[in-house]
Every structure is written in C-alpha cells, then in structure tokens.
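Chemist: Protein sequence lines correspond, in order, to chains A, B and C.
Residue numbers for the first sequence follow the working numbering, beginning at 3 and rising by one.
Residue numbers for the second sequence follow the working numbering, beginning at 3 and rising by one.
Residue numbers for the third sequence follow the working numbering, beginning at 3 and rising by one.
None of these hints come from the bench; they were simulated from the model.
Hints should not be assumed to be uniformly reliable.
[Said to hold, decoys possible] 30 Å max Cα-Cα, derived DSSO-like pairs, lysine-lysine:
1. B:Lys118 / C:Lys241
2. B:Lys174 / B:Lys157
3. C:Lys241 / C:Lys164
4. A:Lys241 / A:Lys223
5. B:Lys157 / B:Lys241
6. B:Lys223 / A:Lys118
7. B:Lys223 / B:Lys241
8. C:Lys157 / C:Lys15
9. C:Lys15 / A:Lys241
[Stated by the list, open to error] Partial chain C-side listing against chain B, Cβ under 10 Å, derived:
10. Leu69
11. Met75
12. Arg279
13. Thr285
14. Gln297
Yeah, the Cβ is synthetic: ideal placement off N, Cα and C, and Gly gets one too.
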Amino acid sequence: MTADTVANPELAKAFVGRDVVSMRDFRREEILFVLDLAERFEHTSEPLLGGRVVVNLFFEPSTRTRLSFEAAMVRLGGQNIGFADAGISSVAKGESLADTIRVVENYCDIIVIRHKFEGAARLAAEASRLPVINGGDGSNQHPTQTLLDLFTIRKLHGRLEKLRVAFLGDLKYSRTVHSLIEVLAQFECEFVLVSPQELRMPRDILDDLARDGVRCREEFKPSILPVDVDILYTTRIQKERFVDPVEYERVRNAYRLDREALEVFPRPVTVMHPLPRVNEISTDLDDYEGAAYFQQARNGITVRKTLLSLLLGALP
Amino acid sequence: MTADTVANPELAKAFVGRDVVSMRDFRREEILFVLDLAERFEHTSEPLLGGRVVVNLFFEPSTRTRLSFEAAMVRLGGQNIGFADAGISSVAKGESLADTIRVVENYCDIIVIRHKFEGAARLAAEASRLPVINGGDGSNQHPTQTLLDLFTIRKLHGRLEKLRVAFLGDLKYSRTVHSLIEVLAQFECEFVLVSPQELRMPRDILDDLARDGVRCREEFKPSILPVDVDILYTTRIQKERFVDPVEYERVRNAYRLDREALEVFPRPVTVMHPLPRVNEISTDLDDYEGAAYFQQARNGITVRKTLLSLLLGALP
Amino acid sequence: MTADTVANPELAKAFVGRDVVSMRDFRREEILFVLDLAERFEHTSEPLLGGRVVVNLFFEPSTRTRLSFEAAMVRLGGQNIGFADAGISSVAKGESLADTIRVVENYCDIIVIRHKFEGAARLAAEASRLPVINGGDGSNQHPTQTLLDLFTIRKLHGRLEKLRVAFLGDLKYSRTVHSLIEVLAQFECEFVLVSPQELRMPRDILDDLARDGVRCREEFKPSILPVDVDILYTTRIQKERFVDPVEYERVRNAYRLDREALEVFPRPVTVMHPLPRVNEISTDLDDYEGAAYFQQARNGITVRKTLLSLLLGALP
C-alpha cells in the first residue's frame with residue numbers, strides 16, 4: 003500500500019478506536035469504504051500491526067472465526083493471546099463479563115469477543131475503553147461475516163446494487179442471513195426467500211423490507227429453484243430445530259444443492275454458504291464455476307485485516 | 003530504556019537464569035530492585051525478548067495469570083507456546099512432571115508453571131536447567147501476584163514502609179494474603195486482620211509476626227471497618243470452605259465492600275483485590291478514588307515484563 | 003547458515019510445497035539430505051520463516067508434538083495458529099475433514115495435522131494445495147518422529163549403516179517402531195525384537211524384512227538383554243492392550259530398563275524412547291551415559307525446523 007491508501011482520511015479517522023458490534027452501526031458509505039479498503043488489503047502482508055496485541059475471548063468455541071481473526075492479526079505482524087473455550091476461563095469462577103473485559107483490556111490493544119448470549123458484545127464494548135469486535139453473539143450479530151459476504155459478492159459481481167439474491171434453508175434462525183439481507187436491502191437488491199414454512203424469515207424483518215419497498219417474495223417449495231437470481235445463499239438446517247426427526251430428514255434433503263439441481267440455471271449462479279456445511283451443498287459443486295463458499299473463507303482474512311488495521315489506526 | 007537502566011548491575015546479574023518460585027527466595031533489596039526496575043518497564047515495549055520463547059504450562063487453568071504472562075512476553079517481542087489445561091497435556095498419559103519439564107525445556111528459554119499441587123513449581127525448578135517462574139502452586143505461593151501487589155502499593159503510596167494495611171475476608175486459605183503480609187512485615191507495616199473466626203489467619207503466620215514484633219491485631223466483627231488504615235486488601239470467600247450454606251451467605255454479605263461502607267473513612271482508602279471478584283466488592287466502588295483492583299491487573303503486565311527480562315538476561 | 007547451505011539445490015527444490023505424510027514417500031537419499039541439512043539447523047535461529055504462518059490442527063491432543071512444531075516455527079520467526087483439541091473445533095458441528103482443510107488453507111502457508119484415524123493426513127494432503135505435515139495419524143505414521151530418531155542415531159553413532167538395534171516392549175502397536183525399522187532396514191542394520199508373544203512385531207513387517215534379507219531375530223524372554231547391540235529402543239506398554247491386568251503388571255515390570263539391567267553391557271548402550279514414558283525406563287538411567295531420550299526431544303525441534311523451512315522454500 004502506498005500513501006494514498008486511504009482515499010477518504012476523514013472516514014478512516016472515524017474508525018480509529020471504534021467498536022464493531024453490529025452492522026446497524028455502519029452507514030452505507032462506511033460499509034463501502036471498508037470494502038474499498040479491503041481490496042487494497044487483499045494481497046498485503048505489511049507488518050502494519052507490529053507490536054499490537056489482540057485478546058481473543060471465545061466464550062463459545064468457533065474454530066473458523068477464531069483462526070481467521072488470528073491469521074489476520076499475524077499476517078500483519080500482530081500477536082494473539084486469548085482463549086478458545088470459556089470452560090478454561092475465569093468465568094468458571096463466577097466473574098462478570100464486564101470484569102473480565104476490564105482486566106484483559108490491560109493486556110492488549112483490541113478485543114475480539116464471541117459469546118453465546120445476544121448482547122454480550124455490546125456489553126463488552128461498553129465496559130471497555132478499547133475497540134471491541136463482535137465475533138458473533140448468539141443469534142444476534144456477526145458483522146465481520148456480513149462484511150466478508152459483501153466483499154465476496156462485490157468481488158464476483160462488481161457491485162452490490164440491484165442484485166437478485168435467493169436465500170435458502172433456515173431463514174428463521176440464521177443471523178448471517180438476517181444481517182446480510184438488511185444491508186443488501188439498502189442497495190436495492192431483490193430477494194427470494196426459499197424455506198420450509200417452519201423456518202421462514204421472521205415477521206419483523208419481512209415487515210421492515212415491505213415498509214422500505216424492497217422487492218421480496220417467499221417460496222416454500224424448494225423443488226423449483228428461482229433461476230432468475232444472481233446469488234444462491236444457502237445455510238445449514240439444524241436438527242435441533244425440529245421436533246420430528248423424519249420431518250428434519252425430509253427438509254434437509256429437499257434443500258440440498260447439487261450439480262443436477264443447478265442445471266436449470268441458464269448461466270452459473272454464485273453459490274454462497276457461511277460454512278461449516280454438513281450436507282446442504284454436495285461436494286460435486288466444489289469445482290462448480292459459481293461455487294464461492296471457500297472464497298468466502300479467504301475473504302474473511304482480508305476483511306478482518308482491514309478492520310483490525312482501521313480500528314487500531316494503523317493505516318500507512 | 004537507556005543504558006543506565008540497571009542502577010545495580012550486580013543485582014541484575016544475580017537474576018539471570020534464576021527461578022522465581024517463592025517470595026521467600028528474595029532479599030528485601032532484591033524486591034526493591036525489581037520494583038525500581040519495573041517502574042522503568044511501565045511504558046516500555048522495546049523488543050528486548052525478540053527471538054525468546056516461553057513455555058506456559060498451565061496444569062490448572064488460570065486465564066488471568068496466563069494471559070498476563072503471555073501479554074508481557076509479546077509486548078517485549080517474545081513468543082509463547084504452551085497449554086491452558088492439563089486435560090489436553092501428555093500428563094493424561096501418566097508422564098511425571100519432571101519428565102514434562104525435561105522435554106519442554108528443549109523447546110524454550112524459560113518456563114512458567116501453574117499447578118494445583120503445592121511444591122510443583124519447586125519440583126519443576128529443580129528438574130530444569132532453565133529459569134522457572136511459579137504462576138501459582140496450590141495454596142502455596144504466587145510470587146508474581148505478590149510483586150504486582152507491592153508495585154501497586156508503592157505506586158499509590160510512594161513507599162512500602164510503615165503502611166497500615168487491613169486484610170479482609172478469607173485469611174485462612176488466601177495464598178495472596180499470606181505472601182503479601184510476610185513481605186510487608188519486613189517493611190514495618192501494621193496490620194488489621196478482619197475475618198470470620200473460621201477463616202482467621204493461620205496460627206504459624208500469626209506466631210511469626212508476633213516473634214518479629216510486628217504490630218498486628220485480629221478483628222472478627224466486619225461491621226466496623228478499621229478506619230485508620232491506608233489499604234483495604236480484600237479476598238474472595240469461597241463457598242466450598244463452608245459446611246453450612248446459610249453461614250456462607252451470612253459471611254459473604256458481611257464482608258462485602260460498597261460505597262456506603264467506605265463512607266466512614268476520613269479520606270479515600272486504597273481498595274485492593276487479587277480478582278476475580280464475585281460479590282466481595284460492589285461495582286459501585288469501581289469508580290471510587292481508592293479502587294486499585296483493575297490497576298493491579300495492569301501492573302501485573304509491568305512486573306512480569308520486568309521479571310522475564312531479568313531472568314533472561316535481556317536488559318539493555 | 004551461509005549461501006552454501008544446500009549442497010544439493012535440486013533435492014532442496016524437490017521438497018518445496020511437498021507433503022510429509024509417510025516415511026515411505028522418501029527415497030534414501032532424500033532422508034540423508036534432510037538429516038544433513040538438519041545438522042546445519044541445529045544451532046540456527048535465523049528468522050527464515052518470518053511472516054509465515056502454520057495452522058496446527060490437533061484433532062487428537064498431543065502436547066509434546068504440538069509444542070515441538072510450534073517451537074520450531076517460532077524459533078525461525080514464524081507464527082502458529084490452530085487448536086489443541088478437536089472438541090473445540092468446528093468438527094463438532096459435523097464438518098468433513100476435507101472442508102476443514104479447504105477453509106484453513108486460506109489462513110496459512112503450511113498445515114500440520116494430528117488425527118486419531120489412519121489415513122487422515124493423506125486425506126488432508128490430497129484436499130489441500132498447501133504442504134501438509136503428518137504429526138501422527140492413529141497407529142499409522144508419524145514421520146517427523148522417525149526423522150528425529152534417525153537424526154539422534156546418526157548424531158550419536160556417526161552413521162545409520164550397519165547398526166545393531168534392539169526394539170523392546172510393545173512391537174505390535176508402536177507406529178514409531180514400525181516406521182523406524184523400515185527405514186533402518188534400508189541401511190543394512192540388524193535387529194533383535196524383544197517383546198511378549200502377544201505384542202510381537204506384525205507378521206507383514208517380519209515378512210518384508212525376511213524378503214529383503216534383513217538380519218533379524220525375535221526374542222520373547224526379556225530377562226536376558228541382547229548385549230551385542232548398539233541401541234536399545236524401548237516403548238510404552240499400554241494397559242489397554244491386555245485383557246488380564248495381572249498379565250499387564252507382569253509384562254510391564256519384565257520390560258522395565260534400569261541401571262542394574264544395563265550392567266551386563268560391555269560398554270554404554272544408546273537407550274531411546276519416543277516418550278512419554280510411564281515406568282519403562284527407571285529414572286536412575288536419566289544420567290546414564292547412553293540415555294538419549296531427552297536428546298530425542300531436543301532433536302525434534304531441529305528436524306522440524308529443517309522440514310518447515312524446506313517445504314516452505316525458505317532456505318537461504
């Protein structure tokens with residue numbers, strides 16, 4: 003990167019020391035600014051974060067997210083400390099989250115937190131004088147996942163505006179889907195929501211979309227995929243959501259994507275998934291032209307490198 | 003730091019390669035030397051430990067202590083390897099502690115050990131040709147906690163000599179209190195020991211203090227705090243120490259510090275706690291002028307940076 | 003190291019990007035090349051791997067092997083991320099090994115994998131475009147253990163050729179022994195296989211040795227040790243191999259090495275063990291002239307530094 007890295011120094015400045023708790027904290031121009039900057043970080047491994055330390059507090063285990071943050075940090079010359087599992091933390095001794103935060107903020111420059119309870123990241127951000135990044139809090143928010151999804155979409159389609167996106171599978175509990183659809187709605191995208199009745203998109207999100215005049219239709223028959231979309235974003239359907247195991251088996255098989263299912267598309271469609279997958283996407287799609295799910299993992303590093311550098315005020 | 007860092011090169015030299023197992027291994031002038039040096043380390047993050055590796059052997063989980071050592075190491079450019087939990091160590095295969103030490107000493111420059119058994123750190127120090135730091139062995143010793151307490155006290159009161167210190171709560175099982183009182187007694191401090199009868203200071207420590215002519219009185223009614231002290235050092239009262247849960251509830255509430263309780267003090271008193279707290283200190287004291295417990299956590303990094311550098315002979 | 007480090011640039015080149023899954027993948031000259039190079043790495047801590055990142059995937063816990071790889075990496079300026087226990091990995095969510103690999107390969111430059119299932123390392127190597135090192139897959143292969151054993155033997159005896167080696171203990175299940183004997187057989191070594199009948203060397207390995215004309219005899223009475231050997235390589239006898247606990251006790255005591263047992267040797271014999279030991283080697287042998295088991299641990303770092311540098315193409 004060169005001295006002109008940050009086209010907009012005012013925006014960059016506004017990120018220094020800031021928390022990343024929810025996508026709702028970001029204005030549209032701020033999101034675009036992060037994505038623009040991320041493009042420049044894609045092939046950069048300058049030691050911008052030399053001497054900086056992150057504490058990764060994974061109260062809920064998440065190998066993928068944790069390793070992605072850690073990799074982003076070390077790729078830029080920074081260091082990681084933390085824990086991967088609350089079981090071995092002093093939380094077991096009955097310490098409050100606010101106390102844990104106020105102790106560890108003495109050990110580092112920035113905090114990443116993953117927690118099973120909604121609101122935990124916000125609470126941590128309020129307790130700390132350091133920037134806090136939400137690495138997922140229950141079924142609430144996981145903003146770096148949303149940013150990497152947006153980065154992946156823009157990279158593959160050249161824009162975020164006016165795309166047609168189908169979301170498939172569990173649309174009720176997937177925070178990934180909820181967060182992404184909210185942002186894409188700001189970019190005049192259209193949506194097809196394909197799910198079983200029992201896992202349809204929550205009412206309040208549908209209402210918000212309707213109120214904002216977003217074009218959106220629900221579809222409860224997965225057998226016919228919406229072939230006029232640019233992107234199929236599919237999710238894991240979890241067994242524990244079903245009372246009846248037979249119903250679960252029926253649904254998961256109905257929502258399984260494979261090469262045959264995609265033959266109806268006139269041209270390759272972008273297939274996305276937050277991973278890990280169980281069997282929602284057949285491995286025969288792994289070398290499909292539109293398969294983007296492993297790229298999403300790669301883009302996660304890029305987006306996290308960008309955010310860590312921004313919040314730490316470490317841009318050149 | 004500059005070349006004059008070490009006012010006393012002879013003392014500094016005596017620390018190189020040394021073990022830190024117990025506060026009893028240190029002479030008074032050595033303790034003061036470490037504290038003096040720590041002051042210079044407070045705002046230093048020079049890569050004095052570049053290329054050095056510590057193995058952190060946490061046979062007993064302790065997030066706070068482990069992260070503090072790890073942060074100290076990376077702040078000075080060093081690297082950490084280790085484990086946070088004996089469950090995932092080869093100890094599970096029946097290996098002796100001495101063997102574990104003689105293997106891992108080939109992997110590093112210095113060893114930090116935390117163990118639930120008293121004497122484990124001494125055993126490790128004897129097995130190893132490398133310096134070993136005791137990160138807490140059962141109810142025995144935790145010397146870096148004592149050093150950070152001393153550092154905090156001197157920073158806030160300008161001296162260690164002739165302070166009046168009240169210890170509150172569980173004085174029977176708290177290794178933190180035992181170790182600190184032994185050192186402060188050498189500096190002509192006076193003590194008030196406030197505890198329930200069943201958790202009073204052990205007889206042998208009281209005898210030692212009496213023998214050395216230390217001014218010290220016990221108090222079994224927590225309702226009236228000793229208002230003539232400079233420092234209130236309180237500790238966690240653990241449920242498992244009580245046969246009767248009703249008695250436990252009574253005691254823990256009686257020893258709880260809050261803003262109202264401190265109103266009897268003519269001027270702000272320094273409130274210390276080794277953390278984690280459960281409810282021994284009300285959060286309404288967190289912004290109290292004398293509240294020092296989060297500072298203790300910060301000072302832990304400083305003291306550990308100092309010790310690691312001293313033992314590794316890495317002073318400039 | 004100087005520019006002439008690699009006597010054979012063609013061989014060095016052939017290692018770049020390669021997987022290390024099984025000793026059978028290496029030709030004799032390649033093994034010797036690695037050992038030659040390792041000698042030069044023994045006292046080197048140049049930051050050859052600065053900016054490089056390994057992901058250590060320990061699906062099965064193994065403190066010793068994990069810390070050894072991590073130490074090798076940081077000694078050369080590289081960085082580690084990973085997990086020490088599959089329990090906290092996304093495998094718990096039902097992800098396939100191939101998917102895990104295809105995600106984490108976006109986070110790093112090289113992968114180390116330890117797994118309880120035979121063939122897991124090969125599968126990982128096939129799934130990844132990055133080099134993969136097998137850190138032990140079930141009872142199958144553990145090639146870096148074999149290389150460090152070979153390095154230790156050559157260092158102590160000046161050669162690998164025509165040595166007389168006794169293997170003691172559990173010869174049925176020890177992958178360490180199986181792998182080492184296969185390689186040493188290529189160097190015209192002779193073997194004495196001392197084990198209880200129920201733990202004798204598997205038939206197929208004996209057949210291979212016989213077919214290749216290797217001199218080899220079995221011995222089922224441990225009471226008389228073969229005094230004409232250069233090396234005694236002993237292993238842990240695991241309780242779970244025995245139906246009868248009395249028989250287990252009898253066998254483990256019969257195969258225990260101590261100073262008295264070695265008095266029959268005309269000159270010091272090299273005593274090796276992959277560690278951890280339980281009671282197979284008395285601690286009274288720890289300062290015996292031929293005791294090499296802690297040296298093996300030290301040599302593990304050297305061999306792993308060498309391999310990591312070779313596979314990453316980081317030689318000067």
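Chemist: Taking the hints in turn, state whether each one holds.
Modeler: Right, here's what the structure says about each hint:
1. B:Lys118 / C:Lys241: holds (27 Å)
2. B:Lys174 / B:Lys157: Holds - the C-alpha atoms of B:Lys157 and B:Lys174 are around 28 Å apart, at most 30 Å.
3. C:Lys241 / C:Lys164: violated (34 Å)
4. A:Lys241 / A:Lys223: Distance of about 20 Å is within 30 Å: holds.
5. B:Lys157 / B:Lys241: violated (33 Å)
6. B:Lys223 / A:Lys118: This hinted pair is violated, its Cα atoms lying about 42 Å apart.
7. B:Lys223 / B:Lys241: Holds - the C-alpha atoms of B:Lys241 and B:Lys223 are around 20 Å apart, at most 30 Å.
8. C:Lys157 / C:Lys15: holds (25 Å)
9. C:Lys15 / A:Lys241: violated (49 Å)
10. Leu69: It holds, given that the least Cβ distance between C:Leu69 and chain B is near 5 Å, below 10 Å.
11. Met75: With a closest approach of 9 Å, the C:Met75 hint holds.
12. Arg279: This hint holds: C:Arg279 lies near chain B, its Cβ roughly 7 Å from the closest one there, short of 10 Å.
13. Thr285: Check passed: Cβ of C:Thr285 comes within 8 Å of chain B, closer than 10 Å.
14. Gln297: Nearest chain B Cβ about 8 Å off; hint holds.
Violated hints, in rising order: 3, 5, 6, 9; the structure is consistent with all others.
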